[in-house]
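A.B. asks: Read off the chains here:
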Amino acid sequence: MEERQIIEYDALVIGAGIAGGEAAINLANTGYKVLLVEKDHSLGGKMILLSKVFPTLDCAACITTPKVSEIARHNNITVFTESEVTHIAKKGDNDFVAQIMKKPRYVRVEDCTACQLCEKACPVSVRDEYQFGLIGRKAAFIPFSIANPKAAVIDIENCTLCGACEKACPTHCIDFTMETEYYELHAKTVILATGFNLFDPLEIPRFGYGQYKNVITSMQMEREIAPTRPYNTILRPGDGKVPDRIAYVLCTGSRDNTIGNPICSQICCMYSMKQAQLLMGALPMADITIYYINIRSFGKGFEEFYQQAKGMGVNFVKGKIGKITEKENGNLILRYEDIAEGVVKEAEHDMVVLSVGVKSNPSAGKIFDGNSLKLDPLQFVAQQDFLGSPAKTSIDGVFVAGTASGPMDIPDSILSAGSASSEAISYLTRYQSL
Amino acid sequence: MKERLGVYICHCGGNISDYVDVEKVRAAIEHEEGVVFAKTTMFACSDTNQTDMVQDIHEHNLDGVIVASCSPKLHLTTFRNVTERGDLNKYTYVHANIREQASWAHSDDKLGATEKAIHLVKAAIAKSRYADPLFPNQFEAEKTIAVIGGGIAGMKAALSLAEKKSNVILIEKGNRLGGHTAEWGSLFMTDEKGFELTTRIENDLRKYNNVTILTGEEVIDTKGSIGNFELKIRRQPQKEDDPMEIMELHVGSIVVATGYDHYLPKQGEYGFGTNETVITLPEFKQLVDKSTSKSLEFKGKKINNIAYVYCVGSRQSEGENTYCSRFCCTSVIHTAIEAKKKFKGIQNIHLTRGIRTYGKQELLYAESLQMGDVYLEFDEHTLPEIHTEDKKTVVTVKDILSAGKEMEMEVDLVVLVTGMVPRADQSIGSMLKLPKGRDRFFNEIHMKLRPVETVIDGVTIAGTCQGPKNISESVNSALSAATKSFSYISKGTLETEPIIAKIDQDACSWCDKCSNACPFDAIEQIEMGGRTVASVNPIVCKGCGMCTPVCPVDAINLIGYTSEEIMSMIDALA
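Quick mapping for you: the protein sequence lines, in order, are chains Y and G. With the working numbering applied, the first sequence covers 1 to 434. With the working numbering applied, the second sequence covers 1001 to 1574.
Bound-form chain Y, shown alone:
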């Protein structure tokens, strides 16, 4: 049995994306001590990797980094990155015991200056997951330029233990003797902000993702147009050509029973229209076509954003894509049903963006005893009182924030996180002695 360090906090927040971060700040600002546990190397979740946000077109990095910085610096918040909550037992009211596994980073964060000399020295190149495979990275690497903490990580799975990084490091912060640390946490309440998974378009072979190089996902396009973009311009990955006829395939992996996801992902219409507008700014000569079933611009300022996209000349085609095939020159033929004319048509594009949807991250279900945490049929965390108290789960004292309970956009995640932290504060108050 590993040695476990025993730690105590008022609240455990699992997941440091925008929802978990907001929930942690609300609790911390009310005076509660929070442990924020994140499995990845950085705070900020998926939002910090986005280009701009709809419908304000604020740069995502500009509004996420200060939030993330506030979380990292807050006196009442302790952050564990590279960490997973492996088990939670409810011992009684206001009494949860969580087992946490903190994996080694092999870099002492406090000493690392993010000088990137280890990156230069490292001879191993692998796929960069933060650029969604558009480019490579080293096995010794800084996750991304606005990561928090901004410090190197050794990807031990791919590391050859050559020691080049260690020699190159001017502050001697690389430490291969680091080991996994185990903690036993006593907390009074738990917030689940475990987020969502992106739909993997390999599940729809007829779209040719993974087979045709110029078919990419919307998250890859998000990276191509982000300020910290990999190519510093927009290219199609097949041959580096600047695309000028880009197609968006909405509802990739959403509203589709054939891949087991009958629901709407709530965000894809809007982010696709956002990307279309940004692309029109970056590539003024490009034609952008969005193939859709219904445009769901339902939030504040969204319908106006849709009208703006139409006004800018984005081409909206109501029709489902049947099949995508590749031409010799890397261009793609989209076969679709044109609803307006009631006929099946084909169109040629030089790049296709699959607007992938939101799938559940069922991991939270596994960490509680038995089946005490109920999930819904789609494996999202079930909301026990959906209308009256949307943040309540099947366990009293455990609350859900953000996309862990279903698809939602950033403002809805913030509201959901506000709701979860409010319930958590009420729960903490209920058992607080006066």
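Since the hints were made in silico from the structure, they are not lab data. Just so you know, not all the hints are guaranteed correct.
Claimed, not checked - List time: in silico DSBU-like cross-link candidates among lysine-lysine, alpha-carbon distance up to 35 Å:
(1) Y/LYS345 <-> G/LYS1405
(2) Y/LYS374 <-> G/LYS1340
(3) Y/LYS374 <-> G/LYS1207
(4) G/LYS1002 <-> Y/LYS150
(5) G/LYS1491 <-> Y/LYS90
(6) Y/LYS150 <-> G/LYS1073
(7) Y/LYS120 <-> G/LYS1039
(8) G/LYS1491 <-> Y/LYS150
(9) G/LYS1207 <-> Y/LYS33
(10) Y/LYS320 <-> G/LYS1398
(11) G/LYS1024 <-> Y/LYS150
(12) Y/LYS345 <-> G/LYS1398
(13) Y/LYS46 <-> G/LYS1436
(14) Y/LYS167 <-> Y/LYS102
(15) Y/LYS33 <-> G/LYS1090
(16) G/LYS1039 <-> Y/LYS46
(17) Y/LYS90 <-> G/LYS1207
(18) Y/LYS374 <-> G/LYS1193
(19) G/LYS1342 <-> Y/LYS374
(20) G/LYS1165 <-> Y/LYS374
(21) G/LYS1405 <-> G/LYS1344
(22) G/LYS1207 <-> Y/LYS91
(23) Y/LYS90 <-> G/LYS1143
(24) G/LYS1110 <-> Y/LYS150
(25) Y/LYS33 <-> G/LYS1073
(26) Y/LYS310 <-> G/LYS1116
(27) Y/LYS90 <-> G/LYS1193
Keeping the supplied structure of chain Y fixed, place chain G upon it in accordance with the hints.
C.D. replies: Relative to chain Y, chain G alone:
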């Protein structure tokens, strides 16, 4: 006079550097008087740069810091805090906005944008040289919170505050709690009745003795600011000769949850008001909820075929409601399913502008399709028409889903799927000076990350007064607003900005020009040494500067923006 200034010029990841030559800006200002160094940075707000700044302050023994980046609305506080971590007085920090005021405003003129950025940074440097350390005002805050509006959002906000042991006053203008939700019949996703939901929340609420529920009472005046608001409440006379009762309340924060109005179609809009088989969504919901017979009847006639016309009062291409009302697709589909299950012989025909059952609500749409509901679609250019032929109601529509085919159908009832509009009664918003968006709903500070806070400190907005929402979303918004209001004042003491107006009372001879100019009622007249002079309430003053230029004897200075600082900035800009 500051002699050791550090200047940071931000690329903003291309937002600035795509149009402003930041390197040129840096070179142009690095030899300005007092500047020790000038640097460019990819993201000034990033954690790494913040750490570097603190280090620079210590290493170079700086006495002032300037960041040229985005709007101070975004990051003034961020960099003030950095300055403070570097052991400098945070109010000596000076911000230059070269994004909204240079790169974004002049994206068609890179040279001009760069030139303007240079001037803005020079002016900031000039101001920084004169910036004095300032100290915030501390004061006691009232810990009671007022919630205005007793619908689902207001009730939940009040309940969540009561649970946190906060004193709450819930003020409802009408004679009962529950708002629209209580009248809404069966609800989506759970099939709970609206009044059952509101009743169980009201019962919970009434268990707490730290909650005061006022119904039939209306806020008629507000004064003060965060920590110390004064609300004047008028009791609605119950009978004609009841005396008017006025009550004053003292609260620290206000949650505004005043809700929405149902869109009321214009006379003749899709036959509304002229054809008696045309009703609105709320009327239809009531009808389905209240009918107990085996078949649905309306005005003594059995109803079989129902046409639902979507987006009435929403997504208008001609008209002021350009927005989508968000809840109505799901609401009407849910009710149509209910009607079909409850009554014999119902055929539902939906005339939509594209179904928006987002998220899990899609399952309701799938269910309705499986039950055989018919969906037709039209666009904003070819709206459906309602006629009466031989006392029968006929609907015609050009259906997009069948390649523009003209459809005509005889129906027994037409339901206009009406959306949400902002409250006609905007008095609360006007009293509190809450800004409104283009859609005329109240505006939040930041649409993405701060959806319940407003520019008026201490006032939060919950539920549909901020924009259309369904019940679940309203509750999330209400709890978020309650938490923010709670965290503002739960400590009992508050700090306000030291940047406020200061009156030279020796020079003042009270002419009331300043108090008339003040939008916050922060200036009062006092007696001092036998003279009447103006005095500024430091808690209420927001430092807006409206009073400064109107003083005929130049007796008012805005702390942090003294004439000296402003003149030096003007010199640098010239």
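A.B. asks: All the hints need checking, so say for each whether the structure fits it.
C.D. replies: Hint check results:
A distance of roughly 19 Å separates the Cα atoms of Y/LYS345 and G/LYS1405; the hinted pair therefore holds under the 35 Å criterion. The straight-line distance between the Cα atoms of Y/LYS374 and G/LYS1340 is roughly 31 Å, inside the 35 Å bound, and the hint therefore holds. As the CA atoms of Y/LYS374 and G/LYS1207 are separated by approximately 29 Å, the hinted pair is consistent with the 35 Å bound. At most 35 Å may separate the alpha-carbon atoms for a hinted pair to count; G/LYS1002 and Y/LYS150 meet this at roughly 33 Å.
At most 35 Å may separate the alpha-carbon atoms for a hinted pair to count; G/LYS1491 and Y/LYS90 meet this at roughly 31 Å. Of the supplied pair hints, the one linking Y/LYS150 and G/LYS1073 holds, its CA atoms being roughly 26 Å apart against a limit of 35 Å. Between Y/LYS120 and G/LYS1039, the direct Cα distance comes to roughly 25 Å. Compliance with the 35 Å bound is thereby established for this hinted pair. Simply put, G/LYS1491 and Y/LYS150 have alpha-carbon atoms about 34 Å apart, close enough for the 35 Å limit, and the pair holds.
For a cut-off of 35 Å, the pair hint linking G/LYS1207 to Y/LYS33 stands: about 29 Å separates their Cα positions. Simply put, Y/LYS320 and G/LYS1398 have alpha-carbon atoms about 21 Å apart, close enough for the 35 Å limit, and the pair holds. Of the pairs offered as hints, the one joining G/LYS1024 and Y/LYS150 holds, with about 28 Å between alpha carbons and a cut-off of 35 Å not exceeded. For the suggested pair Y/LYS345 and G/LYS1398, the alpha carbons sit about 22 Å apart, so the restraint of at most 35 Å is met.
Restraint check: the Cα-Cα separation between Y/LYS46 and G/LYS1436 comes to about 31 Å, which is no more than 35 Å; the hinted pair holds. Proposed proximity of Y/LYS167 and Y/LYS102 is supported: the alpha carbons are some 26 Å apart, at most 35 Å. Between the alpha carbons of Y/LYS33 and G/LYS1090 the distance comes to roughly 26 Å, so the proposed pair stays at or under 35 Å and holds. Only pairs whose Cα atoms come within 35 Å are accepted, and G/LYS1039 paired with Y/LYS46 is accepted, the gap being roughly 30 Å.
Among the hinted pairs, Y/LYS90 with G/LYS1207 is consistent with the structure: their alpha-carbon atoms are about 28 Å apart, no more than 35 Å. For the suggested pair Y/LYS374 and G/LYS1193, the alpha carbons sit about 24 Å apart, so the restraint of at most 35 Å is met. Under the criterion of a C-alpha separation no larger than 35 Å, the hint pairing G/LYS1342 with Y/LYS374 is consistent with the structure, at around 31 Å. This hinted pair checks out: G/LYS1165 and Y/LYS374 have alpha carbons roughly 30 Å apart, not beyond 35 Å.
Of the supplied pair hints, the one linking G/LYS1405 and G/LYS1344 holds, its CA atoms being roughly 30 Å apart against a limit of 35 Å. A threshold of 35 Å between alpha carbons decides the hint, and for G/LYS1207 with Y/LYS91 the separation of about 28 Å falls inside it, so the pair holds. This hinted pair checks out: Y/LYS90 and G/LYS1143 have alpha carbons roughly 34 Å apart, not beyond 35 Å. Distance check on the hinted pair: G/LYS1110 and Y/LYS150 sit about 32 Å apart at the alpha-carbon level, within 35 Å; holds.
For the proposed pair Y/LYS33 and G/LYS1073, the alpha carbon gap of about 29 Å is at most 35 Å, so the pair holds. Between Y/LYS310 and G/LYS1116 the CA atoms are separated by roughly 34 Å; this keeps the pair inside 35 Å, and the hint holds. Distance hint between Y/LYS90 and G/LYS1193 is fulfilled; the C-alpha atoms sit about 33 Å from each other, no more than 35 Å.
The structure agrees with every numbered hint stated previously.
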